[in-house]
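Visitor: So the chains spell out like this:
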Amino acid sequence: MSVNQSGGTAVHIKGLTKSFGSTTALDNLDLDVPVGQMLVVLGLSGSGKSTLLRSLNGLVPPSAGQVEVLGCDVVAARGKELRELRHHVGFIFQQFGLVGRVTVLENVLSGALGRIRFPRFGVLAYPKRLRLEAMENLERVGLGEKAFQRADTLSGGQQQRVAIARTLMQRPVMVLADEPVASLDPESSASVMNLLLRICQEDHLTVISSLHQVELALGWADRMVGLRDGKIVLDTPASETNQATLMEIYRRGVGEVEPASMTVNSAPKVLVAPGLVGPA
Amino acid sequence: MTLLGGRPPLSGSTDSPGDETLSPISRSVSPPWTRRRVGAFIGTLVIAVFFAVSWHEIGLGISPLVSGLGNIFRFIGRTLPPQFTGFAGFRSTISLAWETVCIAFLGTVLAIIISVPLAFLAARNTTPHPVLRWLARGVITLCRSIPDVIFAIVFVESLGIGILPGVLALGFHSVGMLGKLFAETIEQAPPAPGEAVASTGARRLQHLTASVVPHVLPSFSSIAVYRLDINLRSSVILGYVGAGGIGFALNAAMGELLFREASAIVLVMFVLIVLMEIIAAVIRRSLIGDQVVMTGSLRPRRNLGERIVARFLPKDQSPKSSLRPPWTHERVKRYSFLVGVLLMTAISLWDTKIDPISLVSSLNQIARTVALYFPPNFSLDGGVLFVGALQTACVALVATIVGVIFAIPIGLLAARNISNRWVYRCARVFLIIVRAVPELIMAIIFVVAVGLGLFAGTIAITVGTVGLMAKLIADSLEEVPKSPREAIASVGATPAQETTSAVIAPSVPWLASTSLYLLDVNFRSSTVLGIVGAGGIGYLLYQSIQLLVYRTTGAIIVVTLVVVLLIEVITNLIRKQLI
Chain A
0 MSVNQSGGTA
10 VHIKGLTKSF
20 GSTTALDNLD
30 LDVPVGQMLV
40 VLGLSGSGKS
50 TLLRSLNGLV
60 PPSAGQVEVL
70 GCDVVAARGK
80 ELRELRHHVG
90 FIFQQFGLVG
100 RVTVLENVLS
110 GALGRIRFPR
120 FGVLAYPKRL
130 RLEAMENLER
140 VGLGEKAFQR
150 ADTLSGGQQQ
160 RVAIARTLMQ
170 RPVMVLADEP
180 VASLDPESSA
190 SVMNLLLRIC
200 QEDHLTVISS
210 LHQVELALGW
220 ADRMVGLRDG
230 KIVLDTPASE
240 TNQATLMEIY
250 RRGVGEVEPA
260 SMTVNSAPKV
270 LVAPGLVGPA
Chain B
0 MTLLGGRPPL
10 SGSTDSPGDE
20 TLSPISRSVS
30 PPWTRRRVGA
40 FIGTLVIAVF
50 FAVSWHEIGL
60 GISPLVSGLG
70 NIFRFIGRTL
80 PPQFTGFAGF
90 RSTISLAWET
100 VCIAFLGTVL
110 AIIISVPLAF
120 LAARNTTPHP
130 VLRWLARGVI
140 TLCRSIPDVI
150 FAIVFVESLG
160 IGILPGVLAL
170 GFHSVGMLGK
180 LFAETIEQAP
190 PAPGEAVAST
200 GARRLQHLTA
210 SVVPHVLPSF
220 SSIAVYRLDI
230 NLRSSVILGY
240 VGAGGIGFAL
250 NAAMGELLFR
260 EASAIVLVMF
270 VLIVLMEIIA
280 AVIRRSLIGD
290 QVVMTGSLRP
300 RRNLGERIVA
310 RFLPKDQSPK
320 SSLRPPWTHE
330 RVKRYSFLVG
340 VLLMTAISLW
350 DTKIDPISLV
360 SSLNQIARTV
370 ALYFPPNFSL
380 DGGVLFVGAL
390 QTACVALVAT
400 IVGVIFAIPI
410 GLLAARNISN
420 RWVYRCARVF
430 LIIVRAVPEL
440 IMAIIFVVAV
450 GLGLFAGTIA
460 ITVGTVGLMA
470 KLIADSLEEV
480 PKSPREAIAS
490 VGATPAQETT
500 SAVIAPSVPW
510 LASTSLYLLD
520 VNFRSSTVLG
530 IVGAGGIGYL
540 LYQSIQLLVY
550 RTTGAIIVVT
560 LVVVLLIEVI
570 TNLIRKQLI
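Going down the list, the sequences are from chains A and B.
Under numbering that gives the first Met the number 0, the first residue of the first sequence carries the number 0, and numbering increases by one thereafter.
Under numbering that gives the first Met the number 0, the first residue of the second sequence carries the number 0, and numbering increases by one thereafter.
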């Protein structure tokens, strides 16, 4: 492990706090994630999952605390150092984050920007070596034939697969996924999630993903962490838990939230999770 | 503590499929030659050739510009300090400025009155008959193709020097833009409410008032305010050909070589235009603010208009059961806008002593004048007309391309979400200043600097293009979605790489389309600038008017019209392909 000297620890978080104005998104949070682990973060919308993931690659600067990712002090890192870290950490967004008006291949190629110099404009601005690699990654997610279509002509599931191919272009050591399938229908959710996980397993990547679908999570995660109001309320190996326990915790979470702090938006999303799990 | 030193072993280990399975990819990794791409390629090539030819024709160069700089400074030195006497006497300047505002305002009102029915006839979903639709569209296009100065020249010829020709010229020319944009807005009205209303058995006109009108009203007002802003800038120019307002005083002062008085007038114009831009921006935000989807900030930030309105509203807005609609912010805003417009119209009419009836009776005189120009006499020697039109087109092309090239970096600096906070503010202020100097004034300055001819006009229009285009670019970039930028930043891209990939690359079709639109606008501007000696067909036009050779003037107007229409048709065809 040349990338981290901290004894196989990919992520080390201590006392992480983040406030937006008067709202506290993360409250004095501690978390360690060993290399190669697949960790799922569960929790209601607004429980701090996104903020946690975003503080891991420096998209959200923390208010207080210590964040170390792959041996890099994220809080202190600036400029080149932070870019270097981001280059090794893939990030999958709920809204895909594709540039809609350019081609799929150019979107995938943009994943390589962290390791090449100069701004690039158009597919042909990238060297052929990278273009071949991008096409290969695109084939890997099963979208080779869409390479020269505009990204916004694809379906949601396809767009997320393109985003995965872009992440592969980074040759990441670790992948952070922020609700990667929350804006997809159940069928594409399953296929996108399976694709992402198969790739991460094949490439032995450390994965931290927030997820609503407990069933999906149980299928592959090594470890489950539950967040509520910016605090960890559950931390268990996946093998020692089952759907019922997790759902119980999920439900209890819903019940315990004071009505004042529960926004209208979060309610339907919670209802989706039991619905998906129900028939199993 | 740092990671690195080569690629991390995790993904680079031997069982990584990436390196092992690097089988030759069967698919091509170069973009295919689609029709679109071939078209873009050929189009770029053609424009490049035309650009080179035009550049040569105009005789552009850095050295005459540099040597002209001395002249500019000497000229500006002679205009300073501004002197508020004579033509720029304080009282007369203020009253002329007010007159200019009235002309712009009445012109816009006239244009609205003509445009609204025309737009309903021209919109696909509201027109009573296809023939009427094409007729209405023809009238709108015709109004747009005739530069306002040409309208003004004809009207001054028939009605004499004064305010009325200015109002009419602005009014008729504005129909071209207002009619087109109004009709497009009507066509965008969602059909669903209309169907719902129609299924209640409403009649056609009822259907219109109930479903289309509420949808289009806010956009109409916003477009009209935008046009008012444009018209104020134009009314400055119109005075130059005798159509009243402050431009008239400027022409007089320049004619007598009283440069310090002229600079005082320019200063007043500048203040007037800046004020108008600010007022227009505030009104437009208040009008359309509620339709804008909120992003980012937690609380909707109230704009100035809303804050003022809020002052006059009772705090408690609890719904009481009443059959009258409550005086909500929205309603107060709409009514104060309407009352403001009516009040301003009445004041302007009274103050300028324009009799609305005379608008109608003057049509007769105008028709008689127009008859003087027919049949057009095309027999200018040596194809002068053709060369003039070509020169004007060259000026427009070069000014557009050079202007856009300069506008891109400035636009990036002036976009709030891309540039640094202070740079953004400075860039915005810079743009307001550049935009507040009418192109005509620029042309006058550059004619002094580099002499009469195409070069001066080209620079003036280039500067104007930079001002407008940079503003359009900045406004459009501020709407670029945030999430792709965040995603590209997350792969470890530098800010420059991120901006190029997530902001500039997706904006290229828009940029091309908007540049073509500006080419269209610039051709008309370059016709206008010919009047102050900046060459091209406008120069011929002005000479022919001075010499009172009506039928030659008619020929020049016809040629101008044809070229304008041609450019409009071509640019529209290309723009349709782009978007």
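These are calculated hints, taken from the structure and not from any lab test.
Computed from a predicted structure; not experimentally measured.
There's no promise every hint is true.
[Claimed, not checked] Quick list of the computed label-pair ranges, beta carbon to beta carbon:
#1 B:Gln576 to A:Val74: 21 to 29 Å
#2 A:Gly14 to B:Asn419: 51 to 59 Å
#3 B:Leu565 to A:Phe120: 42 to 50 Å
[What the hints assert, rightly or not] Pulled a few chain B residues facing chain A out of the computed Cβ check, cut under 8 Å:
#4 Pro30
#5 Ala135
#6 Gly137
#7 Val383
#8 Glu485
#9 Ile487
#10 Ala492
#11 Thr493
#12 Ala495
#13 Thr499
#14 Ser500
#15 Ile503
#16 Leu546
Here a beta-carbon is modelled for each residue, glycine too, at the ideal position from N, C-alpha and C.
Visitor: So, for every hint listed, does it hold in this structure?
Guide: Hints versus structure:
1. B:Gln576 to A:Val74: 21 to 29 Å: 50 Å, violated
2. A:Gly14 to B:Asn419: 51 to 59 Å: Distance hint for glycine 14 (chain A), asparagine 419 (chain B) is violated at roughly 32 Å.
3. B:Leu565 to A:Phe120: 42 to 50 Å: 32 Å, violated
4. Pro30: Constraint on proline 30 (chain B) satisfied, holds at 5 Å.
5. Ala135: 34 Å, violated
6. Gly137: 34 Å, violated
7. Val383: 44 Å, violated
8. Glu485: Given a least distance of 6 Å, the restraint on glutamate 485 (chain B) holds.
9. Ile487: 5 Å, holds
10. Ala492: 4 Å, holds
11. Thr493: With a minimum Cβ separation of about 7 Å from chain A (threshold 8 Å), the hint on threonine 493 (chain B) holds.
12. Ala495: 5 Å, holds
13. Thr499: 3 Å, holds
14. Ser500: Status holds, d = 5 Å.
15. Ile503: 7 Å, holds
16. Leu546: 53 Å, violated
Hints 1, 2, 3, 5, 6, 7 and 16 from the list above are not met by this structure, while the remaining hints are.
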